[in-house]
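Student: In case you want the letters, here they are:
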Amino acid sequence: NAGVTQTPKFRVLKTGQSMTLLCAQDMNHEYMYWYRQDPGMGLRLIHYSVGEGTTAKGEVPDGYNVSRLKKQNFLLGLESAAPSQTSVYFCASSFLGAENTEAFFGQGTRLTVV
Amino acid sequence: GENVEQHPSTLSVQEGDSAVIKCTYSDSASNYFPWYKQELGKGPQLIIDIRSNVGEKKDQRIAVTLNKTAKHFSLHITETQPEDSAVYFCAASIPNFGNEKLTFGTGTRLTIIP
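Listed in order, the protein sequences are those of chains A and B. Sequential numbering of the first sequence, starting at 1, is according to the numbering used here. Sequential numbering of the second sequence, starting at 1, is according to the numbering used here.
Calculated directly from the structure, the hints in this document are not laboratory data. Ideal Cβ positions, reconstructed from N, Cα and C, are used throughout, including at glycine. Among these hints, one or two may not hold up.
[To be verified] Result set (BS3-like, lysine-lysine): computed pairs, CA atoms no more than 25 angstroms apart in a straight line:
| # | chain 1 | residue 1 | chain 2 | residue 2 |
| --- | --- | --- | --- | --- |
| 1 | A | Lys-71 | A | Lys-9 |
| 2 | B | Lys-71 | B | Lys-42 |
| 3 | B | Lys-71 | A | Lys-71 |
| 4 | B | Lys-68 | B | Lys-42 |
| 5 | A | Lys-9 | A | Lys-70 |
| 6 | B | Lys-58 | B | Lys-71 |
| 7 | B | Lys-42 | A | Lys-9 |
| 8 | B | Lys-37 | A | Lys-9 |
| 9 | B | Lys-68 | B | Lys-22 |
[Said to hold, decoys possible] Listed next, with one range per pair, are the computed distances between beta-carbon atoms:
| # | chain 1 | residue 1 | chain 2 | residue 2 | range |
| --- | --- | --- | --- | --- | --- |
| 10 | A | Glu-59 | B | Phe-97 | 18 to 28 angstroms |
| 11 | A | Glu-79 | B | Gly-16 | 23 to 33 angstroms |
| 12 | A | Asp-26 | B | Asn-96 | 23 to 33 angstroms |
| 13 | A | Asp-26 | B | Phe-97 | 40 to 50 angstroms |
| 14 | B | Glu-15 | A | Ser-80 | 28 to 38 angstroms |
| 15 | B | Pro-8 | A | Phe-10 | 24 to 34 angstroms |
Full structure from sequences and hints, please.
Tutor: Below is the structure:
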């Protein structure tokens, strides 16, 4: 079992460029989440999905879009990258909602926007 | 929404001593409180959790206590070892009919001094 796999692991973007971060899980989990981690601010939820074909906004959704076309994949898109989006991005998945089961995290994607 | 505060932001203890990390939450409806450990270059991993109907939970050298009246919970690590060095995050979750989300604290960087 690979668990939760994020692609890519590192990326440098120029301001205004677009990119997609891919998250794949092989645990048949219903719930998937995208977080960003910034120094001194912990993990903040960007978007999440409670099942295939559904998405919802989290705490800091502006500037990001997501899609969950397949149960095992959760894509995070940046349409026009800004320096404020420089961060480490983590994807997570869980079998049930946050209060019921453990969330499994990927290893993160370090994104720098210059 | 929920707000979770975590203290201290950094903590250094001598190997073999105990470490305590404290968190407070704002919403009295929160009923699930996990703790995650993040090692360098990795994603967070669940180490222990507690639900609001329990006051204390222990797993070998780690324990978590919950005071619902004061709305705070703490992580206790005894007989610390070098491998305990990591960033620790507390979190809280409010019941929401399958739409529960974790709100994380800002993290504590724990360093064990050999």
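Student: State for each hint whether it applies.
Tutor: How the hints compare with the structure:
no.	hint	in the structure
1	Lys-71(A) x Lys-9(A)	22 angstroms, holds
2	Lys-71(B) x Lys-42(B)	30 angstroms, violated
3	Lys-71(B) x Lys-71(A)	36 angstroms, violated
4	Lys-68(B) x Lys-42(B)	32 angstroms, violated
5	Lys-9(A) x Lys-70(A)	21 angstroms, holds
6	Lys-58(B) x Lys-71(B)	19 angstroms, holds
7	Lys-42(B) x Lys-9(A)	11 angstroms, holds
8	Lys-37(B) x Lys-9(A)	20 angstroms, holds
9	Lys-68(B) x Lys-22(B)	14 angstroms, holds
10	Glu-59(A) x Phe-97(B): 18 to 28 angstroms	19 angstroms, holds
11	Glu-79(A) x Gly-16(B): 23 to 33 angstroms	52 angstroms, violated
12	Asp-26(A) x Asn-96(B): 23 to 33 angstroms	27 angstroms, holds
13	Asp-26(A) x Phe-97(B): 40 to 50 angstroms	27 angstroms, violated
14	Glu-15(B) x Ser-80(A): 28 to 38 angstroms	49 angstroms, violated
15	Pro-8(B) x Phe-10(A): 24 to 34 angstroms	30 angstroms, holds
Hint check: violations occur at hints 2, 3, 4, 11, 13, 14; the rest are consistent with the structure.
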